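Use the sequences and the hints to build the structure in full.
Note that the protein sequences, when read in sequence, are chains A and B. Take the first sequence: its position 102, counting from 1, is numbered 102 in my numbering, and each next residue is one higher. Take the second sequence: its position 576, counting from 1, is numbered 576 in my numbering, and each next residue is one higher.
Just so you know, not all the hints are guaranteed correct.
To be verified - Once the Cα atoms are required to be at most 20 Å apart in a straight line, the calculated EDC-like pairs of lysine to aspartate or glutamate come out as: (1) B:777 - A:94; (2) B:383 - B:467; (3) B:777 - A:75; (4) A:95 - B:564.
The hints are simulated quantities; they were obtained by calculation from the structure and are not laboratory data. Keep in mind that this is a model prediction, so the values were computed, not measured.
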Amino acid sequence: MPSSLSPSQSIPLNRSANKVTLSAKNVVKTYKTGDVEVHALDGVDFELYSGELTVLLGASGSGKSTLLNILGGLDLPTSGQVLYGDQNLSRASDKELTQFRRDHVGFVFQFYNLIPSLTARENIELVTEIAPKPISAVDALALVGLEKRMDHFPAQLSGGEQQRVAIARAIAKQPDILLCDEPTGALDKHTGIIVLEAIENINRELGTSTAVITHNSVVGAMADRVVRISDGKIAGIDINSQRQPANSLEW
Amino acid sequence: MRPLDAKLFRDLWRLRGQVLAIALVIASGVATLFMAIATVEALQDTTETYYQRYRFADVFANVVRAPDRVADRIARLPGVQLVDKRISEFASVDIEGFDEPVIGQLVSIPQHGQASLNQLVLRKGAWVSLNRDDQVIVNEPFADAHDLSLGDRISIVLEGKKKSFEVVGIALSPEFIYAMGPGALLPDDHRFGIFWIAKDVLAAAYDLNNAFNSLSLSLAHNTDVRPVLESIDTILAPYGGTSALARKDQLSNWFVMNEIEQQKSMATILPSIFISVAIFLTYMVLSRLIETERTEIGLLKAFGYSSYAVAWHYIKLVLVIGLLGIVIGGAIGWFFGRINIELYAETLRFPLLIYRPSAFSFLIGAAVSLLTALLGALTAVGKAIKLPPAEAMQPPSPPIYKSRVGGANWSHTLLDQPTRISLRQIIRWPFRSFLTSCGIGFAVGLSVMTMQWNDSLAHMANVYFFEAQRQDVMVGMAQPRSLSAMHDFANLPGVQRVEPMRYVGAEFTVGNVTHRGALSAIKPDSQLQPIYDDSKRTVISVPQSGVTLARKLAEKLGVKPGDEIAIEILQGRRPNIVLPVENVIETFIGMPAFIGFERLNDLLKEGTRVEYANLLVDSAYEAQFSRQLKDTPNIGAIMHKQAALDSFNNTVIKNMTIFITMFSILAGILAFGITYNSARISLSERGRELATLRVLGFSRGEISYVLLGEVVLLIMLGLPLGCLLGWGLVLSMISSFDTELFRIPMVILPNTFGYSILLVIVATIFSATLVRRRVDKLDLIKVLKTRE
Numbered sequence: 001m002p003s004s005l006s007p008s009q010s011i012p013l014n015r016s017a018n019k020v021t022l023s024a025k026n027v028v029k030t031y032k033t034g035d036v037e038v039h040a041l042d043g044v045d046f047e048l049y050s051g052e053l054t055v056l057l058g059a060s061g062s063g064k065s066t067l068l069n070i071l072g073g074l075d076l077p078t079s080g081q082v083l084y085g086d087q088n089l090s091r092a093s094d095k096e097l098t099q100f101r102r103d104h105v106g107f108v109f110q111f112y113n114l115i116p117s118l119t120a121r122e123n124i125e126l127v128t129e130i131a132p133k134p135i136s137a138v139d140a141l142a143l144v145g146l147e148k149r150m151d152h153f154p155a156q157l158s159g160g161e162q163q164r165v166a167i168a169r170a171i172a173k174q175p176d177i178l179l180c181d182e183p184t185g186a187l188d189k190h191t192g193i194i195v196l197e198a199i200e201n202i203n204r205e206l207g208t209s210t211a212v213i214t215h216n217s218v219v220g221a222m223a224d225r226v227v228r229i230s231d232g233k234i235a236g237i238d239i240n241s242q243r244q245p246a247n248s249l250e251w
Numbered sequence: 001m002r003p004l005d006a007k008l009f010r011d012l013w014r015l016r017g018q019v020l021a022i023a024l025v026i027a028s029g030v031a032t033l034f035m036a037i038a039t040v041e042a043l044q045d046t047t048e049t050y051y052q053r054y055r056f057a058d059v060f061a062n063v064v065r066a067p068d069r070v071a072d073r074i075a076r077l078p079g080v081q082l083v084d085k086r087i088s089e090f091a092s093v094d095i096e097g098f099d100e101p102v103i104g105q106l107v108s109i110p111q112h113g114q115a116s117l118n119q120l121v122l123r124k125g126a127w128v129s130l131n132r133d134d135q136v137i138v139n140e141p142f143a144d145a146h147d148l149s150l151g152d153r154i155s156i157v158l159e160g161k162k163k164s165f166e167v168v169g170i171a172l173s174p175e176f177i178y179a180m181g182p183g184a185l186l187p188d189d190h191r192f193g194i195f196w197i198a199k200d201v202l203a204a205a206y207d208l209n210n211a212f213n214s215l216s217l218s219l220a221h222n223t224d225v226r227p228v229l230e231s232i233d234t235i236l237a238p239y240g241g242t243s244a245l246a247r248k249d250q251l252s253n254w255f256v257m258n259e260i261e262q263q264k265s266m267a268t269i270l271p272s273i274f275i276s277v278a279i280f281l282t283y284m285v286l287s288r289l290i291e292t293e294r295t296e297i298g299l300l301k302a303f304g305y306s307s308y309a310v311a312w313h314y315i316k317l318v319l320v321i322g323l324l325g326i327v328i329g330g331a332i333g334w335f336f337g338r339i340n341i342e343l344y345a346e347t348l349r350f351p352l353l354i355y356r357p358s359a360f361s362f363l364i365g366a367a368v369s370l371l372t373a374l375l376g377a378l379t380a381v382g383k384a385i386k387l388p389p390a391e392a393m394q395p396p397s398p399p400i401y402k403s404r405v406g407g408a409n410w411s412h413t414l415l416d417q418p419t420r421i422s423l424r425q426i427i428r429w430p431f432r433s434f435l436t437s438c439g440i441g442f443a444v445g446l447s448v449m450t451m452q453w454n455d456s457l458a459h460m461a462n463v464y465f466f467e468a469q470r471q472d473v474m475v476g477m478a479q480p481r482s483l484s485a486m487h488d489f490a491n492l493p494g495v496q497r498v499e500p501m502r503y504v505g506a507e508f509t510v511g512n513v514t515h516r517g518a519l520s521a522i523k524p525d526s527q528l529q530p531i532y533d534d535s536k537r538t539v540i541s542v543p544q545s546g547v548t549l550a551r552k553l554a555e556k557l558g559v560k561p562g563d564e565i566a567i568e569i570l571q572g573r574r575p576n577i578v579l580p581v582e583n584v585i586e587t588f589i590g591m592p593a594f595i596g597f598e599r600l601n602d603l604l605k606e607g608t609r610v611e612y613a614n615l616l617v618d619s620a621y622e623a624q625f626s627r628q629l630k631d632t633p634n635i636g637a638i639m640h641k642q643a644a645l646d647s648f649n650n651t652v653i654k655n656m657t658i659f660i661t662m663f664s665i666l667a668g669i670l671a672f673g674i675t676y677n678s679a680r681i682s683l684s685e686r687g688r689e690l691a692t693l694r695v696l697g698f699s700r701g702e703i704s705y706v707l708l709g710e711v712v713l714l715i716m717l718g719l720p721l722g723c724l725l726g727w728g729l730v731l732s733m734i735s736s737f738d739t740e741l742f743r744i745p746m747v748i749l750p751n752t753f754g755y756s757i758l759l760v761i762v763a764t765i766f767s768a769t770l771v772r773r774r775v776d777k778l779d780l781i782k783v784l785k786t787r788e
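Written as structure tokens, this is what we have:
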């Protein structure tokens, strides 16, 4: 059973050497729309440990996506620091952020975002062509069990298959960090489990530090840690002593 | 404000770049139309006003000598209002410091003031004085060419006696807008001038006291000119009258009317091409724009708005774009029209200028603009509102790609994925891609069409002035002379070859079509001015017994080789003859008719006479030759080929350059409008894809490549297509641009294609830069979080 800890406490992890891949320190993100200021993130401290699988849990509008976007170099914080190794991402230029995403981050989105004009294999090659140390597209597809469908176009694949191609595309560059934003949000339960299994496999076999955003608390059981976010703040962190296999999840 | 109208304004503001670009496409069509109509109107109004204000005559007649009372008989003819008796002679003029021969047309004026007809526009100085016999008013182009000022003195040879005159006035006349010596093709202000001299002075010099040799008259409104001309010819025949001319056949006016006719041709051909292209482009751009609005259309319908209301909403959007097109196009057209007419006023030296584009041109421009926008939008709007709301709210069914072009093995190492995306995008929507390429093609084509004018005119000048005519100088006799006069020319310094040529006025009749022109009689062994087919670029042999006609003349008369035509030679005993057409040839300039030299002399039964001599002159002796030619008596016209070519370049080419620049600017605007819209719409359709690529780690430059790569590929298809379209447009324009004065040969030099392509590429780079800035501002998060 998960035990509750206060957010500031450091956590020894079962399978990592306690090494931090990515960290956010007192991150604030404010959106200004007209005269109204919206605090999407209000002083968040967060660490992503090497090799861990973290689930960021929160309701719609809690700020979890904003945090993921900032961690992945899609957005800059209003204040606070984001560190990748000794690189300060909160001060990075657009060019540096692009390079960071290209070399180190894999993204998976709710709506797959595959390029419709490219086949499954080509969608992955899109990334392997520009990454420094990629695995082959075929190998990446094998990791998600789709090697037989590699010459199909997105329109010829089911939603779950498309999402698995998106995962394969995200990990083909061998990223240090895999960020998944509601990867099962558009899928039925059965397909969702298959996609989560794929993510679980990647994390286990490649040791990629993985953060998964979800509003589905059941998914938390497959993670090393569950970070609960609410109102732009970290409401609590739960550490699972034992990760549940994705295929045992029920909702 | 109703919410839909608020949406309309916000949409317009949101799409302002595209709205402006579409408006520019429409505007370029409207501008050409407006400019053309306004120019033609201004040219007509200005000429008409000029003619009225300075009482340009309706009929002109020349005799050898007729006593004044003969004019009274003509004045009594029905319909005749005013008759002005004049003396008009050609004479050699000596301008100090100018070594070449100058021909002057001397025209009498009353000493007490303006004549009743063909009044002068005195630009500088004063009228001739009552008590002086050595004063002259000179026409302005000639005075400018020779830098003559008031008080300068020039010498004129009056009946063999050289007499010095003081320039007291510089003037223009509606009669000599184009001042040309007899037989000259184009004005040459250095070598031909008009000199107005007091009537008494000329009468004394030419022994024409109480007599006249030139008559001009005005007719009452709506008078049929034909019977008047016939009566005049009958009355004047005993006095050596050559047939009377109606205003439409008067030389200067004929050129002015031809100029207006040319403008009219352009006013119909070019704008209609521009506008058809604009309609096509508006359709292309608007249909894609509305396609991107389909979710909103579905939403509006789901709320309960009727299809009609939704359609009207988008039609209003389109009408606003059309209105913007009118405003921009009207302004550009007004401005260009103004430049155009000012240029005409300058070359034709109109003393006044009337530029008041009529409500008509505004209305036509406005109607065309709105129609363009509506035609362009209707199909797209219709398609969008037909969809049931639920379907419309869905994105258009997901693009299914089947083609693996650029996939599989062959290209694996050749093409990277971004290139493949561009390529498949094109293949997935071949029709739309083709339309875009066509749009680019039309931009290139329009540019080719405007720029090739230079090529055609240069070719025309080269063929006409160098290939067809090989003489250096053509000399026209004041009175026809015997063949032996050729020896006088052969003895001039530097003359290598002399060939006689006859040129007689003639009236050609076939059925009820009559053309008044001239017959050129050519010797079979003529080398300096042979009969030359400008299109086949070969010398055609001189006809045995019949005539050879220019194609345009043959078409006007409706004859082909083998047919017969009735010819009245307007000279000597004025024989009426029927001759077969032996050959029809292509000529670029004028509508000549040719006959054998001996054959004409036989027909005229008057012994060999000569009107013209063609001379080949060694350029080393040019100065000596000119000096001696100057002293040769009885010369009516001298045409230097080089001078004629210069004059052609200065008038025709100069006008064309401005014209070409204007149309090129419009073609450039068009090209920009198309490329900008293509890229912008691609961007809105594919924002998601591009954002995904950004997230995957592609830089801004790289995703711009994906987006613009497609545009670049389409342009690469569009450029050769454009050259082909340009060729077709030129062909269609040239076949409809076929006036009695000019035919434009079909010539497009490689440079023209090159510059057109360059123009479109520059426009593309410009619009690509603008779109690139948009790409840079792409909001990654927003795009990716929304459902497709």
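The hints, checked one at a time:
In summary, the hint linking residue 777 of chain B to residue 94 of chain A is supported, as the alpha carbons are separated by about 11 Å, within the 20 Å threshold. For the hint linking residue 383 of chain B to residue 467 of chain B, the alpha-carbon distance of about 59 Å lies beyond 20 Å, and the restraint is violated. A threshold of 20 Å between alpha carbons decides the hint, and for residue 777 of chain B with residue 75 of chain A the separation of about 13 Å falls inside it, so the pair holds. The straight-line distance between the Cα atoms of residue 95 of chain A and residue 564 of chain B is roughly 84 Å, outside the 20 Å bound, and the hint therefore fails.
Of the numbered hints stated above, those contradicted by the structure are hints 2 and 4, listed in ascending order.
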